[in-house]
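J.: What follows is the residue order along each chain.
There are 2 protein chains.
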Amino acid sequence: MLTIDIHTHILPKNWPNLKEKYGYGGWIHLDHHKCGCARMMKEDHFFREIDANCWDAKVRMKECDQHKIDVQVLSTVPVMFSYWAKAADALDISKLLNDHIAGICDTHSSRFAGLGTIPLQSPDLAIKELERCVNELGLSGVQIGSHVNDWNLNAPELFAVFEAAQDLGASVFVHPWDMMGTDKMKDYWLPWLVGMPAETSLAMCSMIFGGVFERLPDLKVAFAHGGGSFPSTIGRIEHGFDCRPDLVAKDNDINPREYLNKIYLDTLVHDAPMLNYLIELMGADRLALGTDYPFPLGELQPGKLIHETITDNKIKQRLLNGTALEWLGLNKERFIK
Amino acid sequence: MLTIDIHTHILPKNWPNLKEKYGYGGWIHLDHHKCGCARMMKEDHFFREIDANCWDAKVRMKECDQHKIDVQVLSTVPVMFSYWAKAADALDISKLLNDHIAGICDTHSSRFAGLGTIPLQSPDLAIKELERCVNELGLSGVQIGSHVNDWNLNAPELFAVFEAAQDLGASVFVHPWDMMGTDKMKDYWLPWLVGMPAETSLAMCSMIFGGVFERLPDLKVAFAHGGGSFPSTIGRIEHGFDCRPDLVAKDNDINPREYLNKIYLDTLVHDAPMLNYLIELMGADRLALGTDYPFPLGELQPGKLIHETITDNKIKQRLLNGTALEWLGLNKERFIK
Numbered sequence: 000m001l002t003i004d005i006h007t008h009i010l011p012k013n014w015p016n017l018k019e020k021y022g023y024g025g026w027i028h029l030d031h032h033k034c035g036c037a038r039m040m041k042e043d044h045f046f047r048e049i050d051a052n053c054w055d056a057k058v059r060m061k062e063c064d065q066h067k068i069d070v071q072v073l074s075t076v077p078v079m080f081s082y083w084a085k086a087a088d089a090l091d092i093s094k095l096l097n098d099h100i101a102g103i104c105d106t107h108s109s110r111f112a113g114l115g116t117i118p119l120q121s122p123d124l125a126i127k128e129l130e131r132c133v134n135e136l137g138l139s140g141v142q143i144g145s146h147v148n149d150w151n152l153n154a155p156e157l158f159a160v161f162e163a164a165q166d167l168g169a170s171v172f173v174h175p176w177d178m179m180g181t182d183k184m185k186d187y188w189l190p191w192l193v194g195m196p197a198e199t200s201l202a203m204c205s206m207i208f209g210g211v212f213e214r215l216p217d218l219k220v221a222f223a224h225g226g227g228s229f230p231s232t233i234g235r236i237e238h239g240f241d242c243r244p245d246l247v248a249k250d251n252d253i254n255p256r257e258y259l260n261k262i263y264l265d266t267l268v269h270d271a272p273m274l275n276y277l278i279e280l281m282g283a284d285r286l287a288l289g290t291d292y293p294f295p296l297g298e299l300q301p302g303k304l305i306h307e308t309i310t311d312n313k314i315k316q317r318l319l320n321g322t323a324l325e326w327l328g329l330n331k332e333r334f335i336k
Numbered sequence: 000m001l002t003i004d005i006h007t008h009i010l011p012k013n014w015p016n017l018k019e020k021y022g023y024g025g026w027i028h029l030d031h032h033k034c035g036c037a038r039m040m041k042e043d044h045f046f047r048e049i050d051a052n053c054w055d056a057k058v059r060m061k062e063c064d065q066h067k068i069d070v071q072v073l074s075t076v077p078v079m080f081s082y083w084a085k086a087a088d089a090l091d092i093s094k095l096l097n098d099h100i101a102g103i104c105d106t107h108s109s110r111f112a113g114l115g116t117i118p119l120q121s122p123d124l125a126i127k128e129l130e131r132c133v134n135e136l137g138l139s140g141v142q143i144g145s146h147v148n149d150w151n152l153n154a155p156e157l158f159a160v161f162e163a164a165q166d167l168g169a170s171v172f173v174h175p176w177d178m179m180g181t182d183k184m185k186d187y188w189l190p191w192l193v194g195m196p197a198e199t200s201l202a203m204c205s206m207i208f209g210g211v212f213e214r215l216p217d218l219k220v221a222f223a224h225g226g227g228s229f230p231s232t233i234g235r236i237e238h239g240f241d242c243r244p245d246l247v248a249k250d251n252d253i254n255p256r257e258y259l260n261k262i263y264l265d266t267l268v269h270d271a272p273m274l275n276y277l278i279e280l281m282g283a284d285r286l287a288l289g290t291d292y293p294f295p296l297g298e299l300q301p302g303k304l305i306h307e308t309i310t311d312n313k314i315k316q317r318l319l320n321g322t323a324l325e326w327l328g329l330n331k332e333r334f335i336k
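Residue numbers (numbering that gives the first Met the number 0), protein chains in the order written: chain A, 0 to 336; chain B, 0 to 336.
Watch out, some of these pointers could steer you wrong.
Any copy will do: because identical chains look the same in the list, a pair fits if it lies in one copy or spans two.
[As the list claims (entries may be wrong)] With a cut-off of at most 25 Å between alpha-carbon atoms, the simulated SDA-like pairs for lysine to any residue come out as follows:
| hint | residue 1 | residue 2 |
| --- | --- | --- |
| 1 | Lys18 | Ala154 |
| 2 | Lys183 | Asp241 |
| 3 | Lys12 | Gly282 |
| 4 | Lys303 | Pro155 |
| 5 | Lys185 | Asn148 |
| 6 | Lys94 | His306 |
| 7 | Lys185 | Ala159 |
| 8 | Lys41 | Asp245 |
For the record, the hints were derived by calculation from the structure and aren't laboratory data.
Predicted model, so just to flag it, every value in this text is computed and none were measured.
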């Protein structure tokens, strides 16, 4: 059965020294300290150890073969969003990352599809790069963060970007980043375990209550990590909407549950009962395999949860490829050799 | 069937002017602007409108009768924790609030049980007031916040408080407050809808990974709002523990799932599938009716979700009274007229 993983991250093996290029610090670079391993460094500060599967398409394809993954949807690592930087510089590094992803998708078009990154701190530049991603590079859409500096995703400034995505038929993948509460969660990796699920819920609530989905009914947005804490707190969120419409329904008076069949989620929940809960809540039509490959907090045996949890072949087919193809706007034929 | 609501809030109708009493601002007071209604005010800033059911035991008992709630467990409103204040002043206001709750429990001992509040910014004073609550006032334990200023609940400073609670057989109820991300969530009541579930998960992760439950096996802690986002992200949390023990397991190497049958949650999830998920995950023995009465984000028809969702009488009995009695350390006979 054709298997597509909509949530994987990739970096180029090398890129220019951005501090020298742009004239100020705060950028990530790779320190290839030994063969097949690199340290992601933010200036002199260690951020994350990565392996060759983070940059080498051949290693990725080999690992995909091992796990029977036919297609990976490539996107950058969220720390590269660079929303904090000068917009022109964020555009510049976005172009470099997008060209890199597009190159891999061109070379191995039956194994990879791609999502770009765009400098959302400047909606005008972001729209131009979104158009280039889709029209010139052949990418399926873009990955964006759960918020953009002080803007949540309902910010009026961002609406034109979503409108452009709808017009282009571009897929949008929302990934948590720059997690709330990080300064108070020094221990136990809590920004990743507690902050990220909250960030994704923040993004979903912001787009729903801000009326983004209501005003753009054909916008195709998928959220990472099974929607974080949103699906399990939909009862609380809906009740908040019902009991305090003055606070919650002020920009959109449609019940948030109505959007459960308009958005997409990946399946990265690491738990069979939770996957079944998502299927019950949303329907398999809204869910697509996503693994966060190649990072350790991802599904280390991509596809295993679905294969072990789902017995119904029709549901399995939706989770493994049907929803992904619909969201990406791609035909199965591209990926079948 | 005896029905106990472990999660309700109460305030005195009046209390002294705390700014005058303590000599600095930041305190809550009530503005009884019309009969049966009051505004909770923080200095001149409106915080929340409340009704007589927030302070009047007779109104509460009448509403309980309407909803077939036999017993309410009373606790203060989290904004009264006063962890930010000088410890001696927080102790003083805590005593006032605790004496008020104890008075109501004494007068109507078959209808109310009580939890105190303690000045956790000073663990020594907090322990003394905890002892007074249990030994002198006859309260069942205390309600505490999901964090205490810059301390999460794994802070070494707080351990002696939990140890004292275990020694006293005191129940501890953890309620989210001072929500992470509040400064970035101006719209749509998001600190309550997104921040609170994250705060509760922060509290649970901190106590589990900090080894509090491991070192205090008889400590009885219940968490509000069905444990917030923790139960639905247990797969992610466990996977983080498995894949990065260097970060997550550094203070306690026991799998977080092991604590699911050692902690208690209230049932305030506003959603039948989520209640069923909790029962499947934790067992009914860990779950007790809680409604957040009398606030609008609570269950406005207390007990309705359980009555409509649960058909098995044994499970219903655990949710409506068995778990509550066990957690509170109280006998059924106290409440049966």
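J.: Need the list of violated hint numbers for this structure, in ascending order.
T.: 1, 3, 4 and 6
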